[in-house]
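These are the residues of each chain, in order.
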Amino acid sequence: MTELLGDFMVRAALAGVGVALAAGPLGCLVVWRRMAYVGDTVAHAALLGVALALALEIGVIPGVLAVALLVALAVARGSGGRYAADTLLGVAAHGGLAVGLVVLSFVSGAQGDLSAWLFGDILAVGPWDLALIWAAAGLATAGLALGWTRLLNSTINEELAAAEGGDPESDRLLLTVALALLVAAALKVVGALLVGAMLILPAAAARPLVRTPEAMALTAAGLGAMAVLGGLRFAWMADTPAGPSIVVAALALFLVANAVGRMRRMVR
Amino acid sequence: MSSNLIEARGLGVSDGRRRILYDVDMALRSGEIVTIVGPNGAGKTTLLRALVGALKPSEGEVWRRRRLRIGYTPQKLTIDRTLPLTVDRFVALGSGAGRAARRAALETVGIPELDGSQVTDLSGGELQRAALARALLREPDLLALDEPTEGLDQPGEAAFYRLIDRVRRQTGAAVCMISHDLHVVMGASDRVVCLNGHVCCEGAPLHVTGTPEYRALFGLGTQGALALYRHEHDHTHGHVHHQTHGAVGTEHHRGRDHGHALAGSGGAQP
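Line by line, the protein sequences are chains A and B.
Heads up: the first sequence is residues 5 to 272, going by this note's numbering.
Heads up: the second sequence is residues 18 to 287, going by this note's numbering.
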């Protein structure tokens, strides 16, 4: 086993699959709640976490987790007021990305790695990275699984959930923490610019194939894992960048799933 | 006092720019059917949300009986099209009710054939019935219904009120609903609360329709829709008390100056 984990390709596949399995259910919730832009915002701002972690010489994943958590909480709180929610998210997303890039330029040795942070560097995942990625992804998934029914209820309608004795605010908090964990886990796999794709594409691809929320969550996880393995294989054979190749594979699955869904409707 | 399910004291809600509700004192008692009426923008939906706990009031407080079970149907239930959900599952998510009970509830609200349909394929009226089935399955102490007859035709509306009455008799649940249809409301309610930012008047339907506050809000007979927004200037607090004493003696009634949230007589709405 240890010998097997010594192979960078195996580590890459395991890291990608771990992220995909967590991103499936979380991505479904993000899509159902129309939070796609929130995922992007947290992911972009995570670059600032990378910069700070490198500057302070702490681990990148803990640094990203801390900043992602802060940004996610700020975004969850700071709605309403003068600006529409998507305007504020745009400010936070682009602002976080730009500030992160500027701060990174001050950190010696980080500039050369810029594309790794933006688009991921899954082939450079070390054994310790792999452990952290699975820990973060596993924690996020466990949180979602434990709170699944209440999350589903507050996703259907927050007022209805509250009137029935639920607590939509703490559901939102749970989702926010899970999102930050996933961003921290996925940053090294697909990079700040493509984390959102890992959330949205598999969930969107699963939609035409299913009739229940749970089936959509599991299908999204499965399709995400397929995209990771397919994308890695393609990157290996065609010598393309791994992160974008994974997302292209997910896009292909999305198109196929929609074609299948359309054919099924025509048959019926 | 002990039969109260919910009590609001000095309740106020503002959205930062505008006070939607202010100085609302009201109680819901077990087993009664209360209807909230009022013009557009009077804060009816906001009041119902605050009462059931779906919204935090900015002033005052709302007391709810411990372990109060509420069955709530929002005015508009929009479920994102990307969420795959059958009607049966939607209904099940509100309680631990078993399959047979869920079938019976869908039967009761008149959509037994839709249990396997996706909620996103339902019409507004069908979705509202599904929400009612979900609320009924919770075996609630209180049914809180926000414009439950919206989108129903007249026979459907009459059937709906018969259903509500039957549910109340069978389960003893209190019902608090918002309605626009004044005529039907009058026949179906024990108590009417007339709202316009605050409680303008409340009491038995026949009593409330006799108050100047009610007439000011809903017009005097056939003056039409404009009358809804017309501001009556010719009543005073003294006048109100006089009317109250002259009306149904035992009925609880509070009168208050009203209507200042709206523009002056005949003026445009803000």
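Calculated directly from the structure, the hints in this document are not laboratory data.
Please note that the accuracy of each hint is not assured.
To be verified - Covered by chain B, according to a simulated footprint, are these stretches of chain A (three or more residues, beta-carbon under 8 Å):
1. 36 to 44
2. 53 to 64
3. 153 to 159
4. 239 to 250
Unchecked claim - Looking from chain B toward chain A, a few residues come up when the C-beta cut is under 8 Å (computed):
5. Ala71
6. Tyr89
7. Leu102
8. Thr103
9. Gln135
10. Leu139
11. Gly142
Note that the structure is a prediction, hence the values are computed from the model and not measured.
Cβ coordinates follow ideal geometry from the N, Cα and C atoms, glycine included.
Given hint B:Gly142 near chain A, where the shortest CB pair must fall under 8 Å = With a minimum Cβ separation of about 17 Å from chain A (threshold 8 Å), the hint on B:Gly142 is violated.
Within the assertion that chain B covers the stretch 239 to 250 of chain A, do at least three residues meet a Cβ-to-Cβ distance smaller than 8 Å?
-> The restraint on the stretch 239 to 250 of chain A is violated, since only 0 of its residues have a Cβ under 8 Å from chain B and three are required.
Does the stretch 36 to 44 of chain A contain three or more residues whose Cβ lies closer than 8 Å to a Cβ of chain B?
-> holds (count 3)
Quick one: see if chain B covers the stretch 53 to 64 of chain A, three-plus residues with Cβ-Cβ under 8 Å.
-> violated (count 0)
Counting residues of the stretch 153 to 159 of chain A with a beta carbon closer than 8 Å to any beta carbon of chain B, are there 3 or more?
-> holds (count 4)
Given B:Gln135 was flagged as interface, is its beta-carbon under 8 Å from a beta-carbon of chain A?
-> Holds, because the Cβ-Cβ distance from B:Gln135 to chain A comes to roughly 7 Å (cut-off 8 Å).
Hinted contact B:Leu139 with chain A - closest CB pair below 8 Å = violated (13 Å)
Against chain A, is B:Leu102 within 8 Å by beta-carbon distance?
-> B:Leu102 check passes; min Cβ-Cβ to chain A is 6 Å, inside 8 Å.
Is the interface hint for B:Ala71 satisfied, with its Cβ closer than 8 Å to some Cβ of chain A?
-> Hint on B:Ala71: holds, closest Cβ of chain A at ~4 Å, below 8 Å.
Would the hint on B:Thr103 stand, with a C-beta cut-off of 8 Å toward chain A?
-> This interface hint holds because 7 Å falls under the 8 Å limit.
Is the shortest C-beta separation between B:Tyr89 and chain A less than 8 Å?
-> With a closest approach of 4 Å, the B:Tyr89 hint holds.
Consistency note: the structure conflicts with the earlier hints numbered 2, 4, 10, 11.
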